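Peer 1: The lines below spell out each chain.
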Amino acid sequence: MHAGGTAATTGLATDPVIRVRGLVKRYGDIRAVDGIDFDVAPGEVFGLLGPNGAGKTTTVEILEGLRPPDGGEVQVLGVDVASGADSLKPRIGISLQTAALYPKLTVVEVIDLFRSFYTTSRPTEELIDLLELGERRNARTKELSGGQRQRLAVALALVNDPELVFLDEPTTGLDPAARRALWDLIKGLKTKGRSVLLTTHYMEEAEILCDRLAIMDQGRILEMGTVDALISKRFNERAVRFDAIDGIDDDVFAGLPAVSSVKHDDGSVLLYTSDVAATVGAVLAQTESRGIEPQNLAIRRATLEDVFLDLTGRALRD
Amino acid sequence: MQALLALTRANIRSYTRDRAAVFWTLAFPLVFIVLFGLIFQGSGTTRLTIGWVDTDGSPAAQQLQHGFEALDGVTLVKTTRADATSQMQVGKVDSIIVVPVGYGASLASASAGTSPPVQLEIYTDPSRPQLQGTIYQAVGTVLGVVNLGGRPPLVVPSPQIVQTENLNAISYFVPSMLGLSIMQVGIFAAIPLVADREKLILKRLAATPLRRWQLVGSNVLMRVLIAFTQAIIIVAVGTLAFGVEVTGSLLLVAGFVTLGAMAFLALGYLIASFAKTEDSANGMTSMIQFPMMFLSGAFFQIDQMPPFLQVVARIIPLTYLADALRQVMVGGAAFAPLWVCAAVLLGWLVVCFGISARKFQWQ
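From first to last, the protein sequence lines stand for chains A and B. Start counting at 1 in the first sequence, then tack on 271, and there's your number in the numbering used here. Start counting at 1 in the second sequence, then tack on 47, and there's your number in the numbering used here.
Hint data in this document are derived by calculation from the structure and do not stem from the laboratory. Remember, predicted model here, so these are calculated numbers, not experimental data. The reader is advised that the hints may include incorrect statements.
[Said to hold, decoys possible] No farther apart than 25 Å at their CA atoms in a straight line, the calculated lysine to any residue pairs in the SDA-like style are these:
#  : chain 1 : residue 1 : chain 2 : residue 2
1  : A       : 375       : B       : 323
2  : A       : 504       : A       : 548
3  : B       : 246       : A       : 404
4  : B       : 250       : A       : 472
5  : A       : 375       : B       : 249
6  : B       : 323       : A       : 338
7  : A       : 375       : B       : 259
8  : B       : 250       : A       : 393
9  : A       : 375       : B       : 63
10 : B       : 246       : A       : 410
11 : B       : 250       : A       : 361
12 : B       : 246       : A       : 383
13 : B       : 250       : A       : 417
14 : A       : 375       : B       : 409
15 : A       : 375       : B       : 66
16 : A       : 375       : B       : 248
17 : A       : 375       : B       : 330
18 : A       : 413       : B       : 253
19 : A       : 463       : A       : 392
20 : B       : 246       : A       : 472
21 : A       : 375       : B       : 262
22 : B       : 125       : B       : 149
23 : A       : 375       : B       : 60
24 : B       : 246       : A       : 338
[Unchecked claim] Have a look at the derived ranges for each label pair, beta carbon to beta carbon:
#  : chain 1 : residue 1 : chain 2 : residue 2 : range
25 : A       : 295       : B       : 359       : 49 to 55 Å
26 : A       : 286       : B       : 64        : 42 to 48 Å
27 : A       : 391       : B       : 60        : 20 to 26 Å
28 : A       : 298       : B       : 299       : 49 to 55 Å
Idealized CB from N, CA, C, for every residue including glycine.
My request is simple: use the sequences and hints to build the entire structure.
Peer 2: Below, the structure is given as structure tokens:
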């Protein structure tokens, strides 16, 4: 048994399951990971959020012991990854960004094969039920749909009932229903006391699943904390959104009452404001004086998307 | 051990579900053997190749030669006394006839009744009684014509014995084919290995407690098992369908099958160390396979090749594997002593494996 109790037995319950300090990874001249620090607490679902190329996968693969770092300290489950990767492998589960499966073996055969690598493992049937692969149990993996492959990859990450699970973009390519099913599964891991590190570039996924997350871009962590903290730290305010209007400069908007900043996203203008009524009134006054009306005017709370936009000046989904 | 066996089973499943791989390693050699076997069998019963040693050179000797040449299904190969025996031992000729010095003169004096009949040396192999019968039948026919004018006979056959190792063409061919099959099963290992790396399977395995030695061990185990399957099929077909007699020690055969499979597997790993993609592994495998096949002496006599190709033949491992298998399975002339064959194969194994261990990219 290495269920929930193990994390507690290896040290104090507050000891982090992942501890990263000053991690650096270079590919040639490019600093893929440029000096990052973070901790993941036991039983926590921690997210690395960022666009493709932010350094999320590189970070995860260093933690999994698949890549050597160029600098910094990495401890996983209290073990130094650089020297103790072999002792960690039985205790962690991983799912690569691209599902790596034997194309000519069936679902059951692949699960059984991976079970043979561990001294303790969950029953094949349990995993098949958990990931809802029953109908495809005897299908060869090359015949599976993208979503089914992804689910099988997650099943393989859970074969050894790991204390810590790394999921790299687990829901990429899944349809909305399959994505929700996987979210439920990850929440289930959390209730069993397992820790999860996941990477994603879906805002919604990060907001729903992650207890805490780090926003990464160009190898650096820009901001870290709970979803609420990340949003409220930057935006104790709302966003007023409307289609961009020719002829009115950002300077004009920035000068309107209560507006703290002006951003552009995909053809629309975003005004962050502490007083919605005053700002909307001023916008309408501005447009009216020019004989036009703002199109698609909307008011909303700030989201992670706004946080990322504010941090980088770019939208995350690009 | 459990992981190693499970991985071996998974590899074998993947292999048997890959029709192309099964064809090239199991069906192709079989098709080849049956085809060659039928060709050799068809000609073997009717054709007779006689090494002709004429130490006299008189018109009478030439007349005797024409007598043999006129026979249906008989081919004369002119040779010397010095070379004849070894040629017969390697199966280039089935028999040797030596026309003695002074044959013409002796024939004349014998027909004048002033000397005993001339002795014509006929070398045959008593372990091939059927062939021996055919030869003496031919000799009888020709001498019958020569002796027609004289009684007592002017020329009598003087039976001589050469022990060949019963090496007819198909017997020569079967060990070669086995060697070739083992080569293929070894170097073809590069392709699925590179494919597994490309599909990130090796990377995924690296994140499990599975050790690299288990991964390599399962690969070796699987390939050696396939090599043994090949050996059993090929030897069974050769023995049962074409009457090839395996005279040597089966333990030695098994030993060389294992050593050969591992040497070529190491060569396969070497390919996988330099090939970035499955396609390039495919190309490199063919690039090595075909020259190896034709330059190895597995199918052609090395001493008949141009000198610079002989140098190549003396380096490549298939030469030694085919030669060793031939020696331990059916006997016959050796290209190199067995221990040399074993040493060369072991050398290839160590060198290729050593380079691969340093160069192979796991991810």
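Peer 1: Hints first: check each against the structure and report whether it holds.
Peer 2: Going down the list of hints, with the structure as the test:
{"no.": "1", "hint": "375(A) x 323(B)", "result": "21 Å, holds"}
{"no.": "2", "hint": "504(A) x 548(A)", "result": "22 Å, holds"}
{"no.": "3", "hint": "246(B) x 404(A)", "result": "22 Å, holds"}
{"no.": "4", "hint": "250(B) x 472(A)", "result": "23 Å, holds"}
{"no.": "5", "hint": "375(A) x 249(B)", "result": "15 Å, holds"}
{"no.": "6", "hint": "323(B) x 338(A)", "result": "19 Å, holds"}
{"no.": "7", "hint": "375(A) x 259(B)", "result": "22 Å, holds"}
{"no.": "8", "hint": "250(B) x 393(A)", "result": "22 Å, holds"}
{"no.": "9", "hint": "375(A) x 63(B)", "result": "9 Å, holds"}
{"no.": "10", "hint": "246(B) x 410(A)", "result": "18 Å, holds"}
{"no.": "11", "hint": "250(B) x 361(A)", "result": "16 Å, holds"}
{"no.": "12", "hint": "246(B) x 383(A)", "result": "19 Å, holds"}
{"no.": "13", "hint": "250(B) x 417(A)", "result": "20 Å, holds"}
{"no.": "14", "hint": "375(A) x 409(B)", "result": "21 Å, holds"}
{"no.": "15", "hint": "375(A) x 66(B)", "result": "11 Å, holds"}
{"no.": "16", "hint": "375(A) x 248(B)", "result": "12 Å, holds"}
{"no.": "17", "hint": "375(A) x 330(B)", "result": "22 Å, holds"}
{"no.": "18", "hint": "413(A) x 253(B)", "result": "21 Å, holds"}
{"no.": "19", "hint": "463(A) x 392(A)", "result": "16 Å, holds"}
{"no.": "20", "hint": "246(B) x 472(A)", "result": "23 Å, holds"}
{"no.": "21", "hint": "375(A) x 262(B)", "result": "18 Å, holds"}
{"no.": "22", "hint": "125(B) x 149(B)", "result": "18 Å, holds"}
{"no.": "23", "hint": "375(A) x 60(B)", "result": "8 Å, holds"}
{"no.": "24", "hint": "246(B) x 338(A)", "result": "17 Å, holds"}
{"no.": "25", "hint": "295(A) x 359(B): 49 to 55 Å", "result": "50 Å, holds"}
{"no.": "26", "hint": "286(A) x 64(B): 42 to 48 Å", "result": "47 Å, holds"}
{"no.": "27", "hint": "391(A) x 60(B): 20 to 26 Å", "result": "25 Å, holds"}
{"no.": "28", "hint": "298(A) x 299(B): 49 to 55 Å", "result": "52 Å, holds"}
Violation of the numbered hints given earlier is absent; every hint is satisfied by the structure.
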